[in-house]
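K.L.:
Now for the letters of each chain:
Number of protein chains: 2
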Amino acid sequence: MWYQNKLTELLGLDYPIIQAPMAGGVTTSRFVSTVSNAGALGMIGAGYMQPDELRFQIREIKSLTTRTFGVNLFIPEQPGISEEGINEANELLQPLRNTLGIKGELPTYENGSTFEEKVKMIIEEKVPVCSFTFGIPSEDIIRELKKHKIIVIGTATTVNEAVINENMGMDAVVVQGSEAGGHRGTFIKDAQESLIGLMALVPQVVDRVSIPVIASGGVMDGRGLIASMFLGSKAVQMGTAFLTTIESGAHEEHKNAILQATEDETMLTTVFSGKPARGINNQFMKELKHSEHLIAAYPIQHYLTSPIRKEAARQNNPEFMSLWSGQGVRMSQRQTVHELINGIVSQVDQLLKEF
Amino acid sequence: MWYQNKLTELLGLDYPIIQAPMAGGVTTSRFVSTVSNAGALGMIGAGYMQPDELRFQIREIKSLTTRTFGVNLFIPEQPGISEEGINEANELLQPLRNTLGIKGELPTYENGSTFEEKVKMIIEEKVPVCSFTFGIPSEDIIRELKKHKIIVIGTATTVNEAVINENMGMDAVVVQGSEAGGHRGTFIKDAQESLIGLMALVPQVVDRVSIPVIASGGVMDGRGLIASMFLGSKAVQMGTAFLTTIESGAHEEHKNAILQATEDETMLTTVFSGKPARGINNQFMKELKHSEHLIAAYPIQHYLTSPIRKEAARQNNPEFMSLWSGQGVRMSQRQTVHELINGIVSQVDQLLKEF
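Line by line, the protein sequences give chains A and B.
Counting in this note's numbering, the first sequence runs from 701 upward without gaps.
Counting in this note's numbering, the second sequence runs from 701 upward without gaps.
These are computed hints drawn from the structure, not numbers from a lab.
Worth double-checking, as some hints may not be accurate.
[As the list claims (entries may be wrong)] If you want the footprint, here are the derived chain A segments under chain B, 3+ residues with CB under 8 Å:
id	region
1	854-868
2	873-884
3	890-896
[Stated by the list, open to error] The list that follows gives simulated cross-link-like pairs (lysine to aspartate or glutamate, EDC-like), each with its CA atoms no further than 20 Å apart:
id	chain 1	residue 1	chain 2	residue 2
4	A	K986	B	E893
5	B	K1053	A	D1049
6	B	K1053	A	E992
7	B	K989	A	E1054
Even for Gly, the Cβ is constructed at its ideal location relative to N, Cα and C.
Build the full structure now, drawing on both the sequences and the hints.
P.N.:
Structure below.
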């Protein structure tokens, strides 16, 4: 059957579908476990999570499903920090704070990463799958994870990045096309040069690596899934399609924005986190568009803009939230996780029958 | 059979493959007729051609094939011209002229278009297919062409552009993904906002138009063709894959550049023509990268840079040619047109058998 292959076997999935590990509260335990229970791979977006918070969620998910699930971590970066730089970046954000009526203290940032702590905990908790974004962990960490039978999955936006993932021992690699919503996983060249459309990217990667390739970016339904598999991928990773499901923890205004958007309304921006990411263009992005060179480096900018986005969410104001979205928005639907997954599977069955 | 549908029937093709109408000497009569004789659709890139030149080529092709072929025209634009603006743009180009040792007079530009003359001639010559880039011709012209049984095909980079093409009476529409080499066909919104990956673009267009959709951008082999068809397209249009064939009229250095390039080496640039187009990054692009806001409008810039590119071609210097290329470069091969087309067809047969 088209939906079973070496990757679905390795991951113990019914279908070659992975729910993208979206950060920012989208991947609640209920949501992730529902995806896993439906036969796809549920993933926790733990990039910005604290270890305790993550441990709590892992245990919660274990109580809700016996199927495979995973955790995604961001490879840490230690930006150079100057008080001056942070002040400058905060100054740029002041008009947005004023618009939303945010008083209180200005946010600050201190270097320090909980990455290794989270890896240790993932091993302790025997999480079945661990994926990585923004680079590749040390060989020691990869070896340690694999020793504990944890399946490791990397992220690549170019052929070279995919090859490095394979050489470093990753069991599979997510190949992120330019269509994808949220952060670009690019870690070698400039992100702008690494915006390769999925149609061109997947076969070029498949020709050069032997580990299973997972296609991501713009895949929203059975058509995208079967197209990606004919290009040579063994599964797809879908973010935007899962974000608008009933069970996802995304803010209602975020879901609404995606459900109403058109494919030419998403843009790449660095203003929310310091790293390029694709979201629906809004006032936040427009106001800082011409100051992108002045904002703080990743992840400092993330922490500086965090209170603004939280307050915007509280006020149900999508103009100041980060409305991450891929380019397949017109295909988004308000439906349950089961409806999404079953719909994809029966659409593929139908397409293969008709062809 | 997978290779026959209402579009291939309309066009009288053996296979759902269209050779992209590349301008700049690529589409010689030998090349176009070879493509048509192989059962795909050969197209003349006549955007910059003079009517007499085009008529000569149409007659030559008619003597070489009895199969369907077509002509692509650019919808004319009348930019505001000032001597000052042209002088400024020429000044920016002076260092490049010096590098290549170009003496002679500076190029000039006069408004005026031969578009309607070429349309009239296409009707007189009974060319089977006429496609358009950079917009849509007047209703009168479309009506006139259709009255003479000429099949008209438009170009779209967004859903809205595709819908307009359908509403204006086009028989089919080429949907150009962000992966595509050469000029962006965008004619409504900003070109940057209209860079939609093919994986996301095709199904969203198919859901909103009823005319046949032709997928283009990053498609290089049987995998891309069958993937595009599962997304809902009725054919693919391929440029880069055809450009490196033995028969194509592209400069050897252009072919070599594509054969050696990697997927992350192409860039969008406006420096050659005034309109954004994707090509392999070279010295010409790098030297003018930070002056893109100072160059002349399309098509003036095309005429101003033309002598530089011609001299670079004469000197076999790819650093100052326009090396148009899509993002699928690693899949390019030096082969004959027949090998390319037959290879695609048997690859699709094989993929469908294995699946």
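K.L.:
Going through the earlier hints one by one, which of them does the structure break, listed in rising order?
P.N.:
6 and 7
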